[in-house]
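Participant: If you want the building blocks of each chain, they are given just below.
4 protein chains.
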Amino acid sequence: MAFLAFSASAFAGRVVTDTIPSRILGFDVPCNVYLPDGFEESSKEYPVVYLLHGLSDTYKCWVETGRMDMIADRLISNGEIVPMVIITPNAGHNDPRKVLNGYFNTPGRRYEDFFFQELMPIMESRYRCIGDKAHRAIMGLSMGGGGSTVYCQHHPELFSSCYAMSPWLDEKGGEVGGDSEGDFLAVVCNSVRENSALDFVDRADESTVAALRTVRWTFDIGDDDWLLPLSVNMHYKMNARGIKNELRVRDGRHDWYYWPMVLHYALRWASVGFAQ
Amino acid sequence: MAFLAFSASAFAGRVVTDTIPSRILGFDVPCNVYLPDGFEESSKEYPVVYLLHGLSDTYKCWVETGRMDMIADRLISNGEIVPMVIITPNAGHNDPRKVLNGYFNTPGRRYEDFFFQELMPIMESRYRCIGDKAHRAIMGLSMGGGGSTVYCQHHPELFSSCYAMSPWLDEKGGEVGGDSEGDFLAVVCNSVRENSALDFVDRADESTVAALRTVRWTFDIGDDDWLLPLSVNMHYKMNARGIKNELRVRDGRHDWYYWPMVLHYALRWASVGFAQ
Amino acid sequence: MAFLAFSASAFAGRVVTDTIPSRILGFDVPCNVYLPDGFEESSKEYPVVYLLHGLSDTYKCWVETGRMDMIADRLISNGEIVPMVIITPNAGHNDPRKVLNGYFNTPGRRYEDFFFQELMPIMESRYRCIGDKAHRAIMGLSMGGGGSTVYCQHHPELFSSCYAMSPWLDEKGGEVGGDSEGDFLAVVCNSVRENSALDFVDRADESTVAALRTVRWTFDIGDDDWLLPLSVNMHYKMNARGIKNELRVRDGRHDWYYWPMVLHYALRWASVGFAQ
Amino acid sequence: MAFLAFSASAFAGRVVTDTIPSRILGFDVPCNVYLPDGFEESSKEYPVVYLLHGLSDTYKCWVETGRMDMIADRLISNGEIVPMVIITPNAGHNDPRKVLNGYFNTPGRRYEDFFFQELMPIMESRYRCIGDKAHRAIMGLSMGGGGSTVYCQHHPELFSSCYAMSPWLDEKGGEVGGDSEGDFLAVVCNSVRENSALDFVDRADESTVAALRTVRWTFDIGDDDWLLPLSVNMHYKMNARGIKNELRVRDGRHDWYYWPMVLHYALRWASVGFAQ
Chain A
1 MAFLAFSASA FAGRVVTDTI PSRILGFDVP CNVYLPDGFE ESSKEYPVVY
51 LLHGLSDTYK CWVETGRMDM IADRLISNGE IVPMVIITPN AGHNDPRKVL
101 NGYFNTPGRR YEDFFFQELM PIMESRYRCI GDKAHRAIMG LSMGGGGSTV
151 YCQHHPELFS SCYAMSPWLD EKGGEVGGDS EGDFLAVVCN SVRENSALDF
201 VDRADESTVA ALRTVRWTFD IGDDDWLLPL SVNMHYKMNA RGIKNELRVR
251 DGRHDWYYWP MVLHYALRWA SVGFAQ
Chain B
1 MAFLAFSASA FAGRVVTDTI PSRILGFDVP CNVYLPDGFE ESSKEYPVVY
51 LLHGLSDTYK CWVETGRMDM IADRLISNGE IVPMVIITPN AGHNDPRKVL
101 NGYFNTPGRR YEDFFFQELM PIMESRYRCI GDKAHRAIMG LSMGGGGSTV
151 YCQHHPELFS SCYAMSPWLD EKGGEVGGDS EGDFLAVVCN SVRENSALDF
201 VDRADESTVA ALRTVRWTFD IGDDDWLLPL SVNMHYKMNA RGIKNELRVR
251 DGRHDWYYWP MVLHYALRWA SVGFAQ
Chain C
1 MAFLAFSASA FAGRVVTDTI PSRILGFDVP CNVYLPDGFE ESSKEYPVVY
51 LLHGLSDTYK CWVETGRMDM IADRLISNGE IVPMVIITPN AGHNDPRKVL
101 NGYFNTPGRR YEDFFFQELM PIMESRYRCI GDKAHRAIMG LSMGGGGSTV
151 YCQHHPELFS SCYAMSPWLD EKGGEVGGDS EGDFLAVVCN SVRENSALDF
201 VDRADESTVA ALRTVRWTFD IGDDDWLLPL SVNMHYKMNA RGIKNELRVR
251 DGRHDWYYWP MVLHYALRWA SVGFAQ
Chain D
1 MAFLAFSASA FAGRVVTDTI PSRILGFDVP CNVYLPDGFE ESSKEYPVVY
51 LLHGLSDTYK CWVETGRMDM IADRLISNGE IVPMVIITPN AGHNDPRKVL
101 NGYFNTPGRR YEDFFFQELM PIMESRYRCI GDKAHRAIMG LSMGGGGSTV
151 YCQHHPELFS SCYAMSPWLD EKGGEVGGDS EGDFLAVVCN SVRENSALDF
201 VDRADESTVA ALRTVRWTFD IGDDDWLLPL SVNMHYKMNA RGIKNELRVR
251 DGRHDWYYWP MVLHYALRWA SVGFAQ
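Top line first, the protein sequences correspond to chains A, B, C and D.
Counting in our numbering, the first sequence runs from 1 upward without gaps.
Counting in our numbering, the second sequence runs from 1 upward without gaps.
Counting in our numbering, the third sequence runs from 1 upward without gaps.
Counting in our numbering, the fourth sequence runs from 1 upward without gaps.
Accuracy of the hints is not assured; some may be wrong.
Copies of the same chain look alike in the list, so a pair counts if it works inside one copy or between any two.
To be verified - Capping the alpha-carbon separation at 25 Å, the derived lysine-lysine pairs in DSS-like fashion look like this:
#1 K133 with K44
#2 K60 with K244
#3 K172 with K44
#4 K237 with K60
#5 K237 with K44
#6 K172 with K60
#7 K244 with K44
These aren't lab readings, by the way, just hints derived from the structure by calculation.
These numbers were taken from a predicted model, which means no experiment stands behind them.
Given only the sequences and the hints, what does the whole structure look like? Please build it.
Facilitator: Quick look at the structure:
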């Protein structure tokens, strides 16, 4: 029947759930990978976007809640973005009782090392990514927006674009607290404080600033998001150091209304960066 | 913890699942009703939007898949639409094995009669709707877009705005076929043909045309939707009769990527109509 | 010939240039008035928007540079806003050598008194405005965005909506300086400092805060506008006092790229306010 | 003074008015060329967009009325498009009394030959364009939208993207008539009929169709534009031949409200094409 048949063919890309065995972490890390229409039939190499999730969420959310595959399909199909691979790794713990997570190195869990030394080389080889700075972008929401920003601060030579959505850029101002998760939340908050993206800009020497200028930066956050001051301050601080960056404040809160909407802008903008 | 606590308070409106006992149909019809923030605390009356679902779907889809509550919350909260009640009735059958449905009268199932004689008066009384033409709009997707259009053709004195999304306006051109659902699909197709919105415009006499001019009309459909010619033809036919109407063709297909996006436009536009 | 004939009929509304004789100021104040399609033929009363220009500009700019008539025509025609009267008064000086201007009372030039005691009653009577709070909005750019904000602070009982575009809300942070215009610029800057919209929020007592909550507020500014911190601070301060307000930061600077774009949002949003 | 100084630095790109001496036409053809920020300081080569004007207009309109320089500046500055050269040639006549014009070869005026044999090679060499299909796009309004389409039909090997705004694709349905310009209008209409873009698709053989599939096509037109049926028919015809193309119908007429708005979409979309 036409109505049903039509829907079945609506999505041309494909999401693969994969696993990255990690010696550094000591456990396997699950990951969703979006492969654009025509990936299997071609032998060409693709640009890659790393798309990071938020605190107490998993690698599944960008597909299941955010429908990033549907959005990417649509934007590729109508020519608003170039075909690209999108990788959403899990930032979680091996122990399923520990629901909280994080993108930084913490005692006994060197996630950032895993990301750069294992995840990136393994996945970019496995999924035919071009693999240079010009064709690699990173973006994420909340803790993943902070993670994207800090990863680009630590490795500006690796990414052309960073799009931080509702980012958690520093423990100060974020007012994250509570004790329901006990020690691990304290560990995450501590790691965010130690990896403060705001402080990094303040402290950067001139050669670091020069390197940061080679990345395209956007901070995008809702006007009703309690993390707003962090993004605004980041915009001021980067401007003060002469690091060009975009700030967007749209209507919204810290929720899944905002992120799929903003993903459209983020993918379009990253795609233009791949051409420069 | 702030991150979780925040999400819990994010949605201010409320969706109530209600049931309308129908003598005309002979069975109870389920329905979702969106009540805006503050509804319970106030005694004021509200404008109402009827939001119709498509073929082989149910009253649940606009909330579960389309997140109309989240969208309405956001638009009311930021002042883009006025607070309003939104009603999504089921167009289905009592027999759960008959998944197909329809908005028109068919032998043994007088749904259109039910809609105007039972659903509307019962629900508008129960949920404190203003209940005049100026403060009543109707919209829907696919078969529900066709239903919205035909209902406004039959009762232009009852609605200020009609927003048809990817509408099925006539059996011709829609190329709906197949036999998996057997007889009932034939019944639906037949009812759409008999209630052709396109033919109605062609056949309307001058007093009918004058009445149709008192409704605000929009037809909104994706450029990759196989029903596109129906909306384009409707635009031409209504223009030819001097019935002002808006046509929008955006990127998209006949799917749930299109409808939540378009619901933003539809609610904003209906809201402006409530002020006129 | 069709191509040319078509353009001639494209704009249905009409801009009238009028003059308001002012006893308070001691000179005549010119003004553009947008009258929607059908104004002359009807006897109905309309909502009104006051649309204010910026420093060293005149009442002409919103039509000549900003094409507000074309924008209003389009939005009324397609049903995105209700028909409304739009008034753009001159904030200038009688002496054409004094190019700078201002919306506040200054020695020998009581412009704010003129606005409320002469301009508003005269124009709303002359152009058939409904004339109540619910159907009156104010908006403006730069100095006119600041003027709109302060007028609504002084008279929250008169306006349903305030939409401040790239607003100059306080002399601090605006870094307006220079001496090319000599004393008059100092007078303007001084009047902005004395009428600081930011300080007003800090100092408001509870009954004033309650009154401010009856106005719908939006602050909309470009991320490359040097006045950005003023709008951000206003958002924080109003939030701190529980005065709901919208903040939007789009791509842009302090220029005529930004303002016509934002006028679309401002008129739509004010129009929804007229229905509440 | 800050307010004025700020505006002065607002536009980073530069518009050069140049002249192309034409042996084929026998007269000089004026042309505006947008050079992006940094053009003079660099030695790199750029992608190029040809941006065509409409009937009875000139090469000046896209800058003077459409502010394409301001739009391109903004989109390049915020990273929504890559830096590019934009060329707006005059389609006029040497005799200033003959205000009408055209993009096709007519007796004694071989404009299309001039475009491909003289304009393109001269300008792309003079303004450091990359000069391959991947980095060349064409777009235009009305007669220039038709011209863009037909040029891509005749030379699909030269353009990666074609974005036709409110295009005049065939004399039929366009209802262009009148005699105020006398013979020359008849000549233009005749040339549009002879170069019908619609007929071209119908008549294309398989190898031509294969070539047309290598161009990215968008047709974008207002719902109140009397040329709407031409774009809709073009979409149907190209779909029928399996030539992927985008159709957009927004609110609007055949005027300068529509074209600057649509230029944003057109430049973004062409820019993505340069990356593929």
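Participant: Now tell me if each hint is right for this structure.
Facilitator: Hints, one by one, checked against the model:
{"no.": "1", "hint": "K133 with K44", "in the structure": "both (17 Å within a copy, 19 Å between copies)"}
{"no.": "2", "hint": "K60 with K244", "in the structure": "neither (33 Å within a copy, 33 Å between copies)"}
{"no.": "3", "hint": "K172 with K44", "in the structure": "neither (45 Å within a copy, 43 Å between copies)"}
{"no.": "4", "hint": "K237 with K60", "in the structure": "neither (34 Å within a copy, 38 Å between copies)"}
{"no.": "5", "hint": "K237 with K44", "in the structure": "neither (40 Å within a copy, 31 Å between copies)"}
{"no.": "6", "hint": "K172 with K60", "in the structure": "neither (28 Å within a copy, 42 Å between copies)"}
{"no.": "7", "hint": "K244 with K44", "in the structure": "between (33 Å within a copy, 21 Å between copies)"}
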